[in-house]
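Go ahead and model the full structure; you've got the sequences and the hints to work with.
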Amino acid sequence: MWDQEIRAMASTHAIIAASVFMATVLPAVLVPGFSVYGTHLLWLYLVSGAVTATSVAVFWLLGITPPTKKHTLGYKLSRLFRSCLYFFLSCLFFHTVVVLYGAPLIESALETFSLAVLLSSLTTLRCLCVLGPNVQAWIRVFSRHGAMSVWDTCLQITVACTVVGAWVGAFPIPLDWDRPWQVWPVSCSLGAMFGFLTGLVAAPAWIHYHRKQLTYKCK
Amino acid sequence: MKVRSSVFASFILLFEVIGIALFLRGFFPVPVKSSFSSKSKLSDLPAEPVSGSSPNSSRIPQPLFKRVVIMLVDALREDFVFGPSGRMYMPYTRHLVERGSSHSFVAKARPPTVTMPRIKALTTGSIPGFIDVVMNLNSPALLEDNLIWQAKTAGKRIVFYGDDTWVRLFPKHFMEYDGTTSFFVSDYTEVDNNVTRHLDSTLKRDDWDILILHYLGLDHIGHISGPHSSLVQPKLLEMDDILKKIHSALILKEAEGSLPYLLVLCGDHGMSETGSHGGSSEPEVNTPLVLISPAFKRKVGMEKPQVVEQVDLTSTLALGLGLPISQNNVGHVIPGILEESSLRDQLRFLHLNGHQLSCLLKDSVTDYEKETGYEQFRVAEKAHGSWMKLYLEGNTSEVLTNMGKKVLKQYLEALAAMSSALSRQLGKYDMYSMVAGMILVLQLLLVLLLAMPEALSSAAAVDLPVFSALLSLPFYLLCLLLASVHVLVCTSAESSCYFCSLSWGLVFVAVIFSSALFCIMVSMATRRLPLGAKIHGKTFDYSYQTGLLFYFMFYVLKTSPLRSTGSEWSLSELDLLLLAGTVGHTLSLAASSFVEEEHQTWYFLLSTLCLAVFQDVCRKYFREQSGSGDGDEHLLPSKDCRPSAHPKAEICSEKWLALATPPFILLCCRLLRSLNQTGVQWAHIPDVGHWLNSSEHKTVLSLLAAFCLVLIYLLVQRRCSMVSKVALALGLLGVYSYRAAVGNVLFPWQHSDRTMSKGTVEARFVYVFVLGILFTGTKDLLRSQIITVDAKLKSRGLWEIYSGLVLLVSLLFRAHNLPILCCCLLIQMLMAQFIWKNLHYDAAQTTIMHYWFGQAFFYFQGNSNNIATVDISVGFVGLESYIEAPAIFLTALSTYAGPLLWACHLVCYLSSDTDRSTVAVGHGCYCLALLRSVPAVAYIVLVTSLRYHLFIWSVFSPKLLYESMHLLLTAAMCLFFITMEQSNSSSYTGEHGVFMSHSVNMMLELGS
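Those protein sequences? They're chains A and B, same order as listed. Be aware that the first sequence starts at 1, since it is given in full-length UniProt numbering, and climbs by one per residue. Be aware that the second sequence starts at 1, since it is given in full-length UniProt numbering, and climbs by one per residue.
Derived by calculation from the structure, the hints in this document are not laboratory data. Any given hint might turn out to be false.
As the list claims (entries may be wrong) - The calculated lysine to any residue pairs, modelled on SDA-like cross-linking and capped at a C-alpha distance of 20 Å, are: (1) B:758 - B:873; (2) B:405 - B:395; (3) B:66 - B:273; (4) B:620 - A:73; (5) B:409 - B:526; (6) B:620 - A:13; (7) B:370 - B:389; (8) B:620 - B:845; (9) B:253 - B:198; (10) B:66 - B:101; (11) B:698 - B:744; (12) B:204 - B:253; (13) B:620 - A:108; (14) B:655 - A:136; (15) B:620 - A:136; (16) B:172 - B:605; (17) B:2 - B:683; (18) B:620 - A:135; (19) B:837 - B:657; (20) B:108 - B:382; (21) B:39 - B:143; (22) B:655 - A:139; (23) B:245 - B:95; (24) B:2 - B:405; (25) B:620 - A:138; (26) B:620 - A:139; (27) B:620 - A:156; (28) B:758 - B:845; (29) B:620 - A:102.
Unchecked claim - Which bits of chain A does chain B cover? Going by a derived footprint, with three or more residues having C-beta under 8 Å, they are: (30) 98-110; (31) 166-175.
Where a beta carbon is used, it is the ideal one built from N, C-alpha and C, also for glycine.
Following this line, the structure appears as structure tokens:
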């Protein structure tokens, strides 16, 4: 059972990582003038879109998403609507946090918001896929010792890696090297991306090596 | 010997201050200065050397030029004129350089390549050392001997238009002037038009001898968009047109028979590829120097311009105008200028320059006779004498001319050698003193680190094995070794060394101290190691350093009472952040950009800290409320100890207030950071402070200031006695009226056309209340500690002292900075009320948070790691004229107001908290000392290893001064901690009296 879940997780992560890879490489081959630095926002939205699409598809197919109690169309629609609302709210939340960290308020609002969208699609979207639009569950998972399944642990690891990656990505901004990747928000979004990819690799590996110690309480 | 940890920490800090002072003395070369305070006079000029006969011919040399126009273009880079695009940028100038009667040179500026030191260099001829910039903070006017003063004394009439730095440096020197401020960097047309508009009328007139123009536009363009922007070409074309205009006007005015004119085009510094300046890269240092005069030979084509020093212009101009060369000049005359005058005059000029340089050399170098330049000069002077003798005898043969040429060559060589010897004197480090200071400081830091487990234990006392160390054999061996090393180094050193010049007694004390420290360190380490190795067996397989680091981290975690309750301990995110932040900040000091933009580091860390605290708060309240996890009760030590009788609504409101606190603080910090833009890269971005200070927003500023003062009163008065409350209210009123008197803010009934005064009366009025509040506070403290042990009285006394400090700071802060003080108090109140107490943070964590906040507030105030941001005007608040001691004290206080206020609050908070263990103050003091000495010591090591770095003078050395000053203030703060430490054991009561008198002394100093 453990091995099966870890294997499923590893393959899911491989698919998501592959989608990120494709979203970067394919346009670079097909679209002339595309580059990660030069047309950064385009890359950013492409990657966000790819990650969103693959995550939703993969998690839906795997059936990780908690089963809905009611099967009426209206309930499903309201869940979908709430998910979209949460996603948008999380974009706003990330935007606010980034501005509080010192990003210009008006000048490069689009860039900041794009970064927020990327962060949301790497973190919030995953929460939505795994936990559904359920704030109580989110709070539970993100408090200490709150994980109740392998997927919860995996979620903790990837989200933490992404956020720390974006945080670390801000370090090179004050350096006076004048490189294209120091432009706001390139380093942060790259940091978040690398953090996310690290998280994708690290989560199954960590769970695999700690599978003996991991015990989960049932509800 | 058992010592309390606060005493131990202060003792270590005090000795670190001494070590750093020694290091600084070795690091900053003493500027080359003539020991005479007077200025060169015409009458002091040496006579023309004639061997044999009496010096009858002390003839004053004829000036070469009648009128001089100096056109200084800020940030004019060498390649703008001489480079391949020069023909496009400045066609007329280029034509003059290639075909006109001109001389062109590449003048090398010395770092720091900033306008003010460059102007000083150009006018005094000396190279302003770094220490000069600091020493001259107090007087804006240039008091050294300089060209402008000499010209004025000689009766020359000087007209100046351009950067008002000149007007400040040379008040009352100019017959006519119009200064433009370089305040708004975004303006690059108006600043230059303000200069050019005077030009037509001035050039028509005949009543001036020297015209100085300083154009700022190009520099501003560089700062905005760099040297390759499209704005550069039109600007340079404009400059070229102006040069053409001046040149043609000068040609028109020129009369037959009179002396010719001289037109000088130069830059004060260049600009880097990004458009900034200050460092020592090639494009920043190389500036063009074009001298145009009909006295020169006509050029026939473009030659590669010769390289000269920027300071060479000073002596050249002085000689060209027939003025004495200023005393501290290290440059030598440019020989090309003299080529058209007679051989006798040429030799005379060179002799004068050589004489001045040799005098300076005698003053600044101890064994000047050994310098090759000095010897060469003596030889040349002798040859000059014999040449003169032959010349006066009427000899006009070929031999004489050849001999004269030879003397000329000898002079030039001697001048070059002396000049380079003098400049070398400026750039030499005194390595021995530096290393001695560094070793001392490193030892102290290691002892401090090794004592950590004891200092943070519940006893808060450190057991120093002093006697066993003093009686051990290695101690004596080390003493002998160090003494012999000292003798060896000092006898073999060829350059002057400060540590060697100290008296033997002092050195001997230092040697004993250092070896004792080493023995103590080793014995403490051996005492600790088995313990550490037992728990952390593996880590000690690595090198000693990593072992130490692990050890350090281990004890930080272990000694926190929070996590040592259970047998297993784990890192909370907050601890991880605090540790990583401290280590990361220390490491970041190795990069010049991170030093320049250090405020970004602190803002970043502070935001992260707020988020981490927010997470802690959320965890506490949400988990507790949901109640589902009884398993995590042991993780959160916050057993809800408040009685259940508490009304539920109160708990609820407290919960929401606690939850709202970190986001609110984040918001405050975000607003504050946009108040003053500091640093280097983003310093030009307009900030709220400028907006508030512009004259059309005076009403807004007045309202803001009034609101802030009211808020400050409300926040501070809660803990004071009645008398202090009244005094505080009156004092804050006084602050407002002081600001109104100075003209920063408005009274609603006051008309804006009132004449501005210095506000001395108002400021003194405030000082009276500050002293009064401090006095009541001290009185309460003394009563609580000596007569009756009363915790309540003591805490009130402490808060009164704190509010006195707040009042003083509110007087010193500029009006637009008052929100910072306000937010500081508000954040302190909120954090103390809802965060530190409710979340049961221990003394170490609280101290680190206070330190971080203090650092961030230091930068919120608008400070940076650049000396230029120190606000010197504070030194004059309430004083009629400049008095050194209070001015320095006030400036230091207002610069370091943020860190000091937070450290003071730490004392008040830790000692007023009665449910906390009594050792909290000791822990806090120890942590503060550690937090300050780790970056300071690491920085010293870094600076020593980076001493040949490109930015050593522009970036690293100012930061070094800031670090040392901060260390000094922290040492003073730690003394304050000692006095406040509660100790219940009676053995310390005797000591208390002594410490109290200490504190009283300190407070009196604070007050005065």
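Status of the hints after comparison with the structure:
no.: 1; hint: B:758 - B:873; verdict: 11 Å, holds
no.: 2; hint: B:405 - B:395; verdict: 15 Å, holds
no.: 3; hint: B:66 - B:273; verdict: 39 Å, violated
no.: 4; hint: B:620 - A:73; verdict: 39 Å, violated
no.: 5; hint: B:409 - B:526; verdict: 68 Å, violated
no.: 6; hint: B:620 - A:13; verdict: 33 Å, violated
no.: 7; hint: B:370 - B:389; verdict: 29 Å, violated
no.: 8; hint: B:620 - B:845; verdict: 17 Å, holds
no.: 9; hint: B:253 - B:198; verdict: 17 Å, holds
no.: 10; hint: B:66 - B:101; verdict: 17 Å, holds
no.: 11; hint: B:698 - B:744; verdict: 7 Å, holds
no.: 12; hint: B:204 - B:253; verdict: 8 Å, holds
no.: 13; hint: B:620 - A:108; verdict: 36 Å, violated
no.: 14; hint: B:655 - A:136; verdict: 18 Å, holds
no.: 15; hint: B:620 - A:136; verdict: 15 Å, holds
no.: 16; hint: B:172 - B:605; verdict: 49 Å, violated
no.: 17; hint: B:2 - B:683; verdict: 50 Å, violated
no.: 18; hint: B:620 - A:135; verdict: 17 Å, holds
no.: 19; hint: B:837 - B:657; verdict: 14 Å, holds
no.: 20; hint: B:108 - B:382; verdict: 32 Å, violated
no.: 21; hint: B:39 - B:143; verdict: 10 Å, holds
no.: 22; hint: B:655 - A:139; verdict: 17 Å, holds
no.: 23; hint: B:245 - B:95; verdict: 14 Å, holds
no.: 24; hint: B:2 - B:405; verdict: 78 Å, violated
no.: 25; hint: B:620 - A:138; verdict: 16 Å, holds
no.: 26; hint: B:620 - A:139; verdict: 12 Å, holds
no.: 27; hint: B:620 - A:156; verdict: 19 Å, holds
no.: 28; hint: B:758 - B:845; verdict: 44 Å, violated
no.: 29; hint: B:620 - A:102; verdict: 28 Å, violated
no.: 30; hint: 98-110; verdict: holds (count 4)
no.: 31; hint: 166-175; verdict: holds (count 5)
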